[in-house]
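Peer 1: Start from chain A and add chains B and C according to the hints.
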Amino acid sequence: MSTATEGKRFTPGQCLEQVHAKTPLIHNITNYVTVNDVANALLACGGSPIMSDEPDDVFEITSICGGLNINIGTLNERSIQAMSVAGSRARSLGHVILLDPVGAGAGTLRTTTAQMVVNTARPNVIRGNISEIKTLAKGTGTTKGVDADAADAVTEENLDEMVAFVKAFSKKVNAVIAITGAIDLVGDADVCYVIRNGRPEMSRITGTGCQLSAVATAYAVANPDHMTDAVAAAVMLMGLAGEIGWSRMQEGDGNSTYRNRIIDAIFNMDAKTLEEGAKYEIR
Amino acid sequence: MSTATEGKRFTPGQCLEQVHAKTPLIHNITNYVTVNDVANALLACGGSPIMSDEPDDVFEITSICGGLNINIGTLNERSIQAMSVAGSRARSLGHVILLDPVGAGAGTLRTTTAQMVVNTARPNVIRGNISEIKTLAKGTGTTKGVDADAADAVTEENLDEMVAFVKAFSKKVNAVIAITGAIDLVGDADVCYVIRNGRPEMSRITGTGCQLSAVATAYAVANPDHMTDAVAAAVMLMGLAGEIGWSRMQEGDGNSTYRNRIIDAIFNMDAKTLEEGAKYEIR
Amino acid sequence: MSTATEGKRFTPGQCLEQVHAKTPLIHNITNYVTVNDVANALLACGGSPIMSDEPDDVFEITSICGGLNINIGTLNERSIQAMSVAGSRARSLGHVILLDPVGAGAGTLRTTTAQMVVNTARPNVIRGNISEIKTLAKGTGTTKGVDADAADAVTEENLDEMVAFVKAFSKKVNAVIAITGAIDLVGDADVCYVIRNGRPEMSRITGTGCQLSAVATAYAVANPDHMTDAVAAAVMLMGLAGEIGWSRMQEGDGNSTYRNRIIDAIFNMDAKTLEEGAKYEIR
Numbered sequence: 013m014s015t016a017t018e019g020k021r022f023t024p025g026q027c028l029e030q031v032h033a034k035t036p037l038i039h040n041i042t043n044y045v046t047v048n049d050v051a052n053a054l055l056a057c058g059g060s061p062i063m064s065d066e067p068d069d070v071f072e073i074t075s076i077c078g079g080l081n082i083n084i085g086t087l088n089e090r091s092i093q094a095m096s097v098a099g100s101r102a103r104s105l106g107h108v109i110l111l112d113p114v115g116a117g118a119g120t121l122r123t124t125t126a127q128m129v130v131n132t133a134r135p136n137v138i139r140g141n142i143s144e145i146k147t148l149a150k151g152t153g154t155t156k157g158v159d160a161d162a163a164d165a166v167t168e169e170n171l172d173e174m175v176a177f178v179k180a181f182s183k184k185v186n187a188v189i190a191i192t193g194a195i196d197l198v199g200d201a202d203v204c205y206v207i208r209n210g211r212p213e214m215s216r217i218t219g220t221g222c223q224l225s226a227v228a229t230a231y232a233v234a235n236p237d238h239m240t241d242a243v244a245a246a247v248m249l250m251g252l253a254g255e256i257g258w259s260r261m262q263e264g265d266g267n268s269t270y271r272n273r274i275i276d277a278i279f280n281m282d283a284k285t286l287e288e289g290a291k292y293e294i295r
Numbered sequence: 013m014s015t016a017t018e019g020k021r022f023t024p025g026q027c028l029e030q031v032h033a034k035t036p037l038i039h040n041i042t043n044y045v046t047v048n049d050v051a052n053a054l055l056a057c058g059g060s061p062i063m064s065d066e067p068d069d070v071f072e073i074t075s076i077c078g079g080l081n082i083n084i085g086t087l088n089e090r091s092i093q094a095m096s097v098a099g100s101r102a103r104s105l106g107h108v109i110l111l112d113p114v115g116a117g118a119g120t121l122r123t124t125t126a127q128m129v130v131n132t133a134r135p136n137v138i139r140g141n142i143s144e145i146k147t148l149a150k151g152t153g154t155t156k157g158v159d160a161d162a163a164d165a166v167t168e169e170n171l172d173e174m175v176a177f178v179k180a181f182s183k184k185v186n187a188v189i190a191i192t193g194a195i196d197l198v199g200d201a202d203v204c205y206v207i208r209n210g211r212p213e214m215s216r217i218t219g220t221g222c223q224l225s226a227v228a229t230a231y232a233v234a235n236p237d238h239m240t241d242a243v244a245a246a247v248m249l250m251g252l253a254g255e256i257g258w259s260r261m262q263e264g265d266g267n268s269t270y271r272n273r274i275i276d277a278i279f280n281m282d283a284k285t286l287e288e289g290a291k292y293e294i295r
Numbered sequence: 013m014s015t016a017t018e019g020k021r022f023t024p025g026q027c028l029e030q031v032h033a034k035t036p037l038i039h040n041i042t043n044y045v046t047v048n049d050v051a052n053a054l055l056a057c058g059g060s061p062i063m064s065d066e067p068d069d070v071f072e073i074t075s076i077c078g079g080l081n082i083n084i085g086t087l088n089e090r091s092i093q094a095m096s097v098a099g100s101r102a103r104s105l106g107h108v109i110l111l112d113p114v115g116a117g118a119g120t121l122r123t124t125t126a127q128m129v130v131n132t133a134r135p136n137v138i139r140g141n142i143s144e145i146k147t148l149a150k151g152t153g154t155t156k157g158v159d160a161d162a163a164d165a166v167t168e169e170n171l172d173e174m175v176a177f178v179k180a181f182s183k184k185v186n187a188v189i190a191i192t193g194a195i196d197l198v199g200d201a202d203v204c205y206v207i208r209n210g211r212p213e214m215s216r217i218t219g220t221g222c223q224l225s226a227v228a229t230a231y232a233v234a235n236p237d238h239m240t241d242a243v244a245a246a247v248m249l250m251g252l253a254g255e256i257g258w259s260r261m262q263e264g265d266g267n268s269t270y271r272n273r274i275i276d277a278i279f280n281m282d283a284k285t286l287e288e289g290a291k292y293e294i295r
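So the protein sequences, as listed, match chains A, B and C.
Taking this note's numbering, the leading residue of the first sequence gets 13, the next gets one more, and so forth.
Taking this note's numbering, the leading residue of the second sequence gets 13, the next gets one more, and so forth.
Taking this note's numbering, the leading residue of the third sequence gets 13, the next gets one more, and so forth.
Heads up, a few of these hints could be off.
[Claimed, not checked] Among chain B residues calculated to face chain A with C-beta under 10 angstroms, some are:
#1 Val47
#2 Met63
#3 Ser64
#4 Asp68
#5 Ala94
#6 Ala283
[Claimed, not checked] Residues from chain C shown here face chain B by an in silico Cβ test under 8 angstroms; the list is partial:
#7 Ala51
#8 Asn52
#9 Leu55
#10 Ser60
#11 Met63
#12 Ser64
#13 Asp69
#14 Glu72
#15 Ile76
#16 Leu105
#17 Asn272
#18 Ile275
#19 Phe279
Think of the hints as simulated: they come from the structure by calculation, not from any bench.
In this text, a Cβ means the ideal position worked out from N, Cα and C, and glycines have one as well.
Here chain A stands alone, though its shape is the one from the complex (with noise of 0.2 angstroms):
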């Protein structure tokens, strides 16, 4: 279901066959927890993940990729000094670089690295749950640990003000914003993707929302002309394998299971697989 497309806007389907098209090379300072899937997940999507975090390295890994994916999970001395380097050298080079906060609110060190990252590298996308972005637009939040806090979640009645604040703090900072959670939004200054895609379950698995960044900048590096539409492209293709992986599980099935049906379902999508199953409006 496309319910709004413009004449100059790339469909779902149009920056998916654009990231096949390119296999775009990806650099990610990314957590130990969930790194194994984001390698995967990226594979799956027709990328390719290279990990590096060390600041020796960093600098000529990123310059031989298209993107850099920075995500501060399991942040460490070592890390941060790499997602400055990376970061720095990234901006220069004029790569896609997208940041995910994880747990910036949580604890001053996350909030004030998610911080630094936006005002040195100067990220194309930030993409993350709702506490975690408010605590970067507001300097404030009320995130639980690495997952977003009930009280802030976008709901059907707040949705005409979540997307005035995506509008607003995408201008303020230049960059595509991309908050997920039971609704999604991906917005620029002058639009905003509302999608409907994904199912609860899947806040029972780590590492969706890490392989959403990833993913998402891979979509981004392959359509640098039309970000916003290939960062919503890649929110959507995430909920619908979610959508697809959750239809294949059997008796007996669980979490893990779960796990691997959604990258299985990464995987197999095409462009009109995922032009039928994606559910959004632009606002």
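Peer 2: Same frame as chain A, now just chains B and C:
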């Protein structure tokens, strides 16, 4: 088969229901080998994971959690410092602390780090294989890598002696002691559960012990007044999940699929299934 | 199909039986992306894994093992020091050492670290893709990220030249050389196995190369007097597991399920299946 209950004891099913009701948030300082399975096992059992091992991050992160799981499987200078900082903070807040002394006895740094955690964080629960626990209790051990030495095994022949050892060591360090192997022992100064769930094939998967430690932390956090019962329930849960997972294996399946099926079985476990499948006696 | 054997050579099945009989304990200093799969692949093949990358821990840990697998996939200052300490210790004890120079040629730190390991630990086995091995042999390469450059590939057209390259480089560094790709080469100064097992889809999963390096270490440890045969057997095992795993794929399965099925196939491999499925010639 519940062969023994006391009026004041919580049954395994009661312990499970507390976890499901409370969704305990657990801070894990753990190894990078099995960390993804640890996170998914925590989510499967009804808990919620957060990982952090940077000294400048752990003070705040552990503060917002209900319990702390310290696993020394791939310890390093930074993570040891994080264990110290987080351990002190969690102790001062009265949080549940569990220590998994992976490889204690196999190397001096592991042994001294495990002893440091015991002495400074004063964990509420210590879970390991017999070689690791003996190393902590006696300052010596015959740990071969990260697996227990066969000469140390708990058997039907030395069971009385081992039950007495568990009670004495528990009294000495004021912690619930869990020794897992072919026969599992979980005890405090007064009582000792003898548990006979599980499958020998679980040793052909990496990380079932690490998963159990994280799940046991969640169980202890959710059952603060019945910590021995709760840790025993977690051990039964893991063993029974191993049995259920094995029963779903098909021709051509191996240890990788078995890994998924065990976590799936944890995900699907309910109080009734756990009560009926638990095989234990209390001594 | 065993197209070539000599009286004194071990067949792939004989090599496998030695691993099953001896359960070699392998110390891995490896990257955090694929480390869980490396551990499960080692367990699947009949070995036993232990991971440690802290300089103060590795001296003792490697001492109790039979072999050392050094993989530079996510190297950092600390792990490089650990490679140096463990490499020297393992060399002095006469342990088998394997080097997997992940990304050598893609960045200076990777290239110099791989060269440092070659020169100081003097590995018995070096396994990589063609771009990585050429970098080590010639001090230059065209590595694109962690994947080989297509221009470097081993093909039917340049096979004679590449076999000669393997023998010459093996003689120079006194190590078994394993170059994996569409066609795999495993050789020493005198002979070179040309292996045609495997599936192209294996490149859509992260970590099959890392798994192979760990498994090859176990095979070399268990077959100390037939190390070239043993490493070749490990390469055949991995490729054949890729073929068997693929044959079990069902509609809707993707790279995540394929990952599980490959490790499952390693777990279930016996000598007879490996002998019948191995596709190789010796030059």
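Peer 1: Is the interface hint for Ile76/C satisfied, with its Cβ closer than 8 angstroms to some Cβ of chain B?
Peer 2: Hint holds; Ile76/C Cβ to chain B Cβ min 6 angstroms, cut 8 angstroms.
Peer 1: Hey, does the Asp68/B contact hint survive, CB to chain A under 10 angstroms?
Peer 2: holds (5 angstroms)
Peer 1: With a cut-off of 8 angstroms on the beta carbons, see whether Met63/C makes it to chain B.
Peer 2: holds (5 angstroms)
Peer 1: Was the hint right that Ala283/B lines chain A, CB cutoff 10 angstroms?
Peer 2: At 17 angstroms from the nearest chain A Cβ, Ala283/B fails the 10 angstroms test, so the hint is violated.
Peer 1: Does Asn272/C pass the interface check with chain B, least Cβ-Cβ distance below 8 angstroms?
Peer 2: holds (4 angstroms)
Peer 1: Is the shortest C-beta separation between Met63/B and chain A less than 10 angstroms?
Peer 2: Holds: closest Cβ of chain A sits about 5 angstroms from Met63/B, inside 10 angstroms.
Peer 1: Is the interface hint for Val47/B satisfied, with its Cβ closer than 10 angstroms to some Cβ of chain A?
Peer 2: For Val47/B, the interface hint holds, since the closest Cβ of chain A sits about 5 angstroms away, which is under 10 angstroms.
Peer 1: Once the shortest beta carbon distance from Glu72/C to chain B is found, is it less than 8 angstroms?
Peer 2: holds (4 angstroms)
Peer 1: If you take the shortest Cβ to Cβ gap from Asp69/C to chain B, is it below 8 angstroms?
Peer 2: holds (5 angstroms)
Peer 1: Restraint: Ser64/B near chain A, CB-CB cut 10 angstroms. Satisfied or not?
Peer 2: holds (6 angstroms)
Peer 1: Taking the closest Cβ pair, is Ser64/C under 8 angstroms from chain B?
Peer 2: Holds. Min distance 6 angstroms.
Peer 1: At a threshold of 8 angstroms, is the proposed contact between Ala51/C and chain B supported by beta-carbon distances?
Peer 2: holds (4 angstroms)
This entry does not satisfy hints 6 and 16, going by the numbered hints stated previously.
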